[in-house]
Amino acid sequence: MLSVKDLSVAFRTRKGEVNAVRGVSFDVAQGETLGIVGESGSGKSVTSYAVLRILDEGGEIRTGEVSFNATDLRAARESAMRDIRGGQISMIFQNPRAALNPIRKVGHQIEDVLRRHGKATRSDAKAKAIEALEAVRIRDAAARYDAYPFELSGGMCQRVVIAIALACDPQLLIADEPTTGLDITTQKAVMDLVQDLIHERGMGSMVITHDLGLAAEYCDRIVVMKDGEIVEQGTPATLFSRPRHPYTHRLVEATPRIGGTIRGLLPAEARTPAPRHMVQDRPVLELIDVRKTFQSKSGPVEAVKGVSFTIKQGQSLGLVGESGSGKSTTSEMIVRLSDPTGGKILFEGQDISATPAVRFARHPLRRDIQMVFQDATDSLNPRDTAASAISEPLRRIDRMRGTKLSARVDELADMVGLPRNLLTRYPHQLSGGQKARVGIARAITLNPKLLILDEPTAALDVSIQALVLNLLVDLRAQLGMSYLFVSHDLNVVRLLCDQVLVMRGGEIIEQGPTAEVMTGPTHDYTRALLASAPQPPAQAVA
Amino acid sequence: MTDITPSQTPSQARATVKHIAYVLSENPVTLIAFAMFAFFISCAVLGPSLVPYDPLATNSTRALEPPSWDHWFGTDNLGRDVFSRVIVATRLDLTISVAAVALSFVIGSILGGIAGYWGGWLDAVLNRVLDTIMAFPLFVLAMGVVAALGNTVENIIYATAIINIPFYARLVRAEVNIRRNAGFAQAAKLSGNSDLRVLAFHIFPNALPPMMVQVSLNLGWAILNAAGLSFIGLGVRPPTPEWGIMVAEGANFIVSGEWWLALFPGLWLMLAVFTFNLLGDGLRDIVDPRKRT
Amino acid sequence: MAAQRGRMVLARVGQAIPVVIGVVIISFVLTRALPGDPAAYFAGPAADEASIAQIREALGLDKPLIQQFFFYVGDLLRGDLGTSLSTGQPVAADLAARLPASLELTLVSLILSCAVAIPLGVLAATRQGSWIDHLCRVIVTAGVSMPTFFTGIVLIYVFYYLMGVAPSPLGRLGFLYLPPPHVTGFYLIDAALVGDWNTWWGAFEQLILPSVTLALFTLAPIARMTRAAMLSALSADYIRTARAAGLGRGKVLYGYAFRNALLPVITTLGMVFSFVLGANVLVEKVFAWPGIGSYAVEALVVSDYAAVQGFVLAMALLFVALNLIIDIAYALIDPRVGLT
Numbered sequence: 040m041l042s043v044k045d046l047s048v049a050f051r052t053r054k055g056e057v058n059a060v061r062g063v064s065f066d067v068a069q070g071e072t073l074g075i076v077g078e079s080g081s082g083k084s085v086t087s088y089a090v091l092r093i094l095d096e097g098g099e100i101r102t103g104e105v106s107f108n109a110t111d112l113r114a115a116r117e118s119a120m121r122d123i124r125g126g127q128i129s130m131i132f133q134n135p136r137a138a139l140n141p142i143r144k145v146g147h148q149i150e151d152v153l154r155r156h157g158k159a160t161r162s163d164a165k166a167k168a169i170e171a172l173e174a175v176r177i178r179d180a181a182a183r184y185d186a187y188p189f190e191l192s193g194g195m196c197q198r199v200v201i202a203i204a205l206a207c208d209p210q211l212l213i214a215d216e217p218t219t220g221l222d223i224t225t226q227k228a229v230m231d232l233v234q235d236l237i238h239e240r241g242m243g244s245m246v247i248t249h250d251l252g253l254a255a256e257y258c259d260r261i262v263v264m265k266d267g268e269i270v271e272q273g274t275p276a277t278l279f280s281r282p283r284h285p286y287t288h289r290l291v292e293a294t295p296r297i298g299g300t301i302r303g304l305l306p307a308e309a310r311t312p313a314p315r316h317m318v319q320d321r322p323v324l325e326l327i328d329v330r331k332t333f334q335s336k337s338g339p340v341e342a343v344k345g346v347s348f349t350i351k352q353g354q355s356l357g358l359v360g361e362s363g364s365g366k367s368t369t370s371e372m373i374v375r376l377s378d379p380t381g382g383k384i385l386f387e388g389q390d391i392s393a394t395p396a397v398r399f400a401r402h403p404l405r406r407d408i409q410m411v412f413q414d415a416t417d418s419l420n421p422r423d424t425a426a427s428a429i430s431e432p433l434r435r436i437d438r439m440r441g442t443k444l445s446a447r448v449d450e451l452a453d454m455v456g457l458p459r460n461l462l463t464r465y466p467h468q469l470s471g472g473q474k475a476r477v478g479i480a481r482a483i484t485l486n487p488k489l490l491i492l493d494e495p496t497a498a499l500d501v502s503i504q505a506l507v508l509n510l511l512v513d514l515r516a517q518l519g520m521s522y523l524f525v526s527h528d529l530n531v532v533r534l535l536c537d538q539v540l541v542m543r544g545g546e547i548i549e550q551g552p553t554a555e556v557m558t559g560p561t562h563d564y565t566r567a568l569l570a571s572a573p574q575p576p577a578q579a580v581a
Numbered sequence: 206m207t208d209i210t211p212s213q214t215p216s217q218a219r220a221t222v223k224h225i226a227y228v229l230s231e232n233p234v235t236l237i238a239f240a241m242f243a244f245f246i247s248c249a250v251l252g253p254s255l256v257p258y259d260p261l262a263t264n265s266t267r268a269l270e271p272p273s274w275d276h277w278f279g280t281d282n283l284g285r286d287v288f289s290r291v292i293v294a295t296r297l298d299l300t301i302s303v304a305a306v307a308l309s310f311v312i313g314s315i316l317g318g319i320a321g322y323w324g325g326w327l328d329a330v331l332n333r334v335l336d337t338i339m340a341f342p343l344f345v346l347a348m349g350v351v352a353a354l355g356n357t358v359e360n361i362i363y364a365t366a367i368i369n370i371p372f373y374a375r376l377v378r379a380e381v382n383i384r385r386n387a388g389f390a391q392a393a394k395l396s397g398n399s400d401l402r403v404l405a406f407h408i409f410p411n412a413l414p415p416m417m418v419q420v421s422l423n424l425g426w427a428i429l430n431a432a433g434l435s436f437i438g439l440g441v442r443p444p445t446p447e448w449g450i451m452v453a454e455g456a457n458f459i460v461s462g463e464w465w466l467a468l469f470p471g472l473w474l475m476l477a478v479f480t481f482n483l484l485g486d487g488l489r490d491i492v493d494p495r496k497r498t
Numbered sequence: 002m003a004a005q006r007g008r009m010v011l012a013r014v015g016q017a018i019p020v021v022i023g024v025v026i027i028s029f030v031l032t033r034a035l036p037g038d039p040a041a042y043f044a045g046p047a048a049d050e051a052s053i054a055q056i057r058e059a060l061g062l063d064k065p066l067i068q069q070f071f072f073y074v075g076d077l078l079r080g081d082l083g084t085s086l087s088t089g090q091p092v093a094a095d096l097a098a099r100l101p102a103s104l105e106l107t108l109v110s111l112i113l114s115c116a117v118a119i120p121l122g123v124l125a126a127t128r129q130g131s132w133i134d135h136l137c138r139v140i141v142t143a144g145v146s147m148p149t150f151f152t153g154i155v156l157i158y159v160f161y162y163l164m165g166v167a168p169s170p171l172g173r174l175g176f177l178y179l180p181p182p183h184v185t186g187f188y189l190i191d192a193a194l195v196g197d198w199n200t201w202w203g204a205f206e207q208l209i210l211p212s213v214t215l216a217l218f219t220l221a222p223i224a225r226m227t228r229a230a231m232l233s234a235l236s237a238d239y240i241r242t243a244r245a246a247g248l249g250r251g252k253v254l255y256g257y258a259f260r261n262a263l264l265p266v267i268t269t270l271g272m273v274f275s276f277v278l279g280a281n282v283l284v285e286k287v288f289a290w291p292g293i294g295s296y297a298v299e300a301l302v303v304s305d306y307a308a309v310q311g312f313v314l315a316m317a318l319l320f321v322a323l324n325l326i327i328d329i330a331y332a333l334i335d336p337r338v339g340l341t
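In order, the protein sequences belong to chains A, B and C.
Count along the first sequence from 1, add 39, and you get the number used in the numbering used here.
Count along the second sequence from 1, add 205, and you get the number used in the numbering used here.
Count along the third sequence from 1, add 1, and you get the number used in the numbering used here.
It cannot be assumed that every hint is accurate.
[Said to hold, decoys possible] In silico DSS-like cross-links for lysine-lysine, where the CA-CA straight-line distance does not exceed 30 angstroms: (1) K383/A with K443/A; (2) K252/C with K165/A; (3) K158/A with K64/C; (4) K223/B with K443/A; (5) K223/B with K496/B; (6) K351/A with K383/A; (7) K252/C with K144/A; (8) K496/B with K54/A; (9) K496/B with K265/A; (10) K351/A with K223/B.
In case anyone wonders, no lab produced these hints; they're calculated from the structure.
This is chain A alone, in the form it adopts within the complex:
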């Protein structure tokens, strides 16, 4: 149905021309779902924009053919393309809330498409738009017709985007990272919905994603892209069991799965034996009935409703939950950036919640509780060099200066695997993985006893995630730290943590040793979470 041959796309930028896509060829047959998988910068999204000819300013198709049902899309007139877009080929996007016009009712946005493609007239547009909303299983569709995007949840917005895409019964659906920015259970619901709808209608589809596991679960065939080129294509089963290209191999290994090990994420040649960490029976952190209530305009909001747990010396605890579960609020209180409204936080038996957060900077235990932040880019001051960021705790708390300081910074850089020559760089001159290393180095500078890791790999590509997770395991053993690992990703928590704790709506609903919770969850919600995480097919035995 869709055939792409030798497609190349180039962007004109100030620094000259960038070849985003080079010589890419693939086909999508009727009723088939093709996955395009790649890490950031691989050209996977650009490829899909090129098919619809909606490239951003400065982008241009250089060579190749794109044909759809024997129509040459490259040569087609712009007016013909407009009929095809939305009429025969549709697209859904990441970050659904931003993908909808913020000041237009969602019903009207659907009508715009229906009327553009002659599928509705002024008189029956409303009824057809409501039908389209019902088709994506939005309850109470007639009421939602009048809603503005800001009044809907992220998952609901994505349903509306899908409704817009499918309103005119296209033959091909392109989904560009359709689950990015959504919670894990919503992700599953959205992907299942897309799958059902395209099967019902016998449509072809392309799913563009960075998540090999997700692609494997929903696609018939997968194309792996790297640096603008296709390195391999095949069925999920063959890709996972017999990857031919070394890059695919690395990608397959770096995708966390049940039964995998943390060292297994690394390429075979880099696998050293995983270090063991010692758990002692002495609590390093104890939370006793900790509560947090925020005052909002519509009254008090209970973000954390009485949470109690213990982390033992050397232990790693995984704190799992979706957005709004209270996991971030809890970790903020532990790291003493905010004050609980009730309960106690004990650190090695000492009540640290007695010192208000605003004065905790001078507390003697400040050095022992540190944190690695979620977004490495956001957590580094754009005006400070890497060295300056890493050395700040030493300068402020240890009053260290001069050669001793620079020697320690060099030592830390070596520990986290950051080349020393990058120390003079500013954050914008570093890659995502390098920034993550700087953030980790800063957190371990003072040899803390407890390290809080707030989704430290959420913004990273899987191959970088593999390296960072392994670095964390090494550091844990080397420095004897306890970890509180906050994450939504059960596959990652499984690899790193001894104990796991599931939060929802400000409460702990399940806790226990990781293996027990993962294999025999007692709470329905935990079960739903586990079922939502995509499970890649078995890997070949190395």
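With chain A's structure known, arrange chains B and C on it following the hints.
This is chains B and C only, laid out in the frame that chain A set:
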């Protein structure tokens, strides 16, 4: 950027100089703007000792002469040399605008920083006060302030500073507010910084790039504002040479065709404002480390 | 929805009240901050001791400050802004008589500059890098650098003195014409109402140069904001969605991008009003326009402080009202305001 370790200082200073050179060479407009700025500064500093005539000396025999080799910009109705007056006026006009902008920069940054970081009632009170100041058309408020405080150059500076404070306070408040809970601000607290240090050394410097654009626009406004006040007879008094007054005096002769009286001071004023407006992007790029490659 | 909207508008009107109170306080402070003896100022330079004392008593200046403030507020509520020294009339009456002239000038110039600046900004954004984009950039940079009073003088020199196409820059009507019967005070409207097209044309001729002067001044901020808002709207994700759905170029540009871009432009209009009302004073002086700006300038020259303070207060109240209208317009366009 805060207290740098000694071992890095020399290389960082060199990098800064290199960065400024890079910004200037990258954009010819910025280079021209900085060159023109340097020209105005030297006019302000050296002008009074270099001009060919005493700006206040009258000569009734040579009144209202059009531009010539003797008098480049012609003479006015009292026979004073327009060129000398225009050049000498640079110092006064620049002083007024720079002093006013500096005052509003400092006061606005402090108020905006506090309100943006701590929020709460401080923020609410500040917002009310700023709303009230902004509720006046700004030039009209400046008129009222100068009329009330008295007709002096200092009062022109105060009035101009008052009407500019809300711009800085709001800008800093917004810039601080979005970074208040940024990862790097929280990380700075974990590194043992007090709230005040986090605000002053980590968050505030990040507001500098947009503020530099504001500074350059405001320097322009401040001159326009001061000249406008003099034009309607507030502030600077004749016979002191000042661009606004000179345009006002020259305006009376426009309808009889003596264009040079108003044109040259007006053009000079425009050129100065234009220079300041062009400076903005260059200043921003200089204080923004992200522009370093 | 509609009820919520109505409540929101009411709430916005309510928010203007503290601002009005603040404005009154500031204008009171300005009145009392006069250097020396305010009574002497209000009495004027020719007054003797006795009349100054009389004025002091009449103004309540011998009473405590807080009491004076309430007297002041009481006077304001009765519409009493004091008496002008130069005209001998109540300031409020003077201002009311001259306000239409200022408003007519301001509105005509604003309409003119919006009519040019908004299309210019949109075109510059949609044709980035084209000659119209460069033109826009030049106008924007040059526009903010031009002192209004200077632009006015240059226009007079070129169009009145050199080319002789413009009428003499003195007031709202040439001396050959009689003002149209007073209905709204706007000569263009009043003349049109009685069908006196001759007078209408005379008033229009007089309006051209001053309103072009003011419009040139406000062109820059509006064009710049339109261009920036349009660019940011065009790069938004929902534009890509709209394009991917095959919507036509017109629908994408105007139905989706332009409507979103209008929101920041409307916000900018508030700032533009502030500039326009200030620049108005200067333009009125240059063109001897009989509005409240030139009234204030004349009053300043003779130290007629009651008139100046009355003018400042009137301008502030006018500006508050304009901002209120802008905010309500914004809320009516943007569904997100006040509901989140």
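Hint check results:
Restraint check: the Cα-Cα separation between K383/A and K443/A comes to about 38 angstroms, which exceeds 30 angstroms; the hinted pair is violated. For the given pair, K252/C sits about 19 angstroms from K165/A by alpha-carbon distance, which is consistent with the 30 angstroms threshold. Of the pairs offered as hints, the one joining K158/A and K64/C is violated, with about 78 angstroms between alpha carbons and a cut-off of 30 angstroms exceeded. For the given pair, K223/B sits about 28 angstroms from K443/A by alpha-carbon distance, which is consistent with the 30 angstroms threshold.
The hinted pair formed by K223/B and K496/B meets the criterion: a straight-line CA distance of about 12 angstroms does not exceed 30 angstroms. This hinted pair checks out: K351/A and K383/A have alpha carbons roughly 17 angstroms apart, not beyond 30 angstroms. Restraint check: the Cα-Cα separation between K252/C and K144/A comes to about 15 angstroms, which is no more than 30 angstroms; the hinted pair holds. At most 30 angstroms may separate the alpha-carbon atoms for a hinted pair to count; K496/B and K54/A meet this at roughly 14 angstroms.
A C-alpha spacing of about 29 angstroms is found between K496/B and K265/A, which places the hinted pair at or below 30 angstroms, so the restraint holds. Distance check on the hinted pair: K351/A and K223/B sit about 52 angstroms apart at the alpha-carbon level, beyond 30 angstroms; violated.
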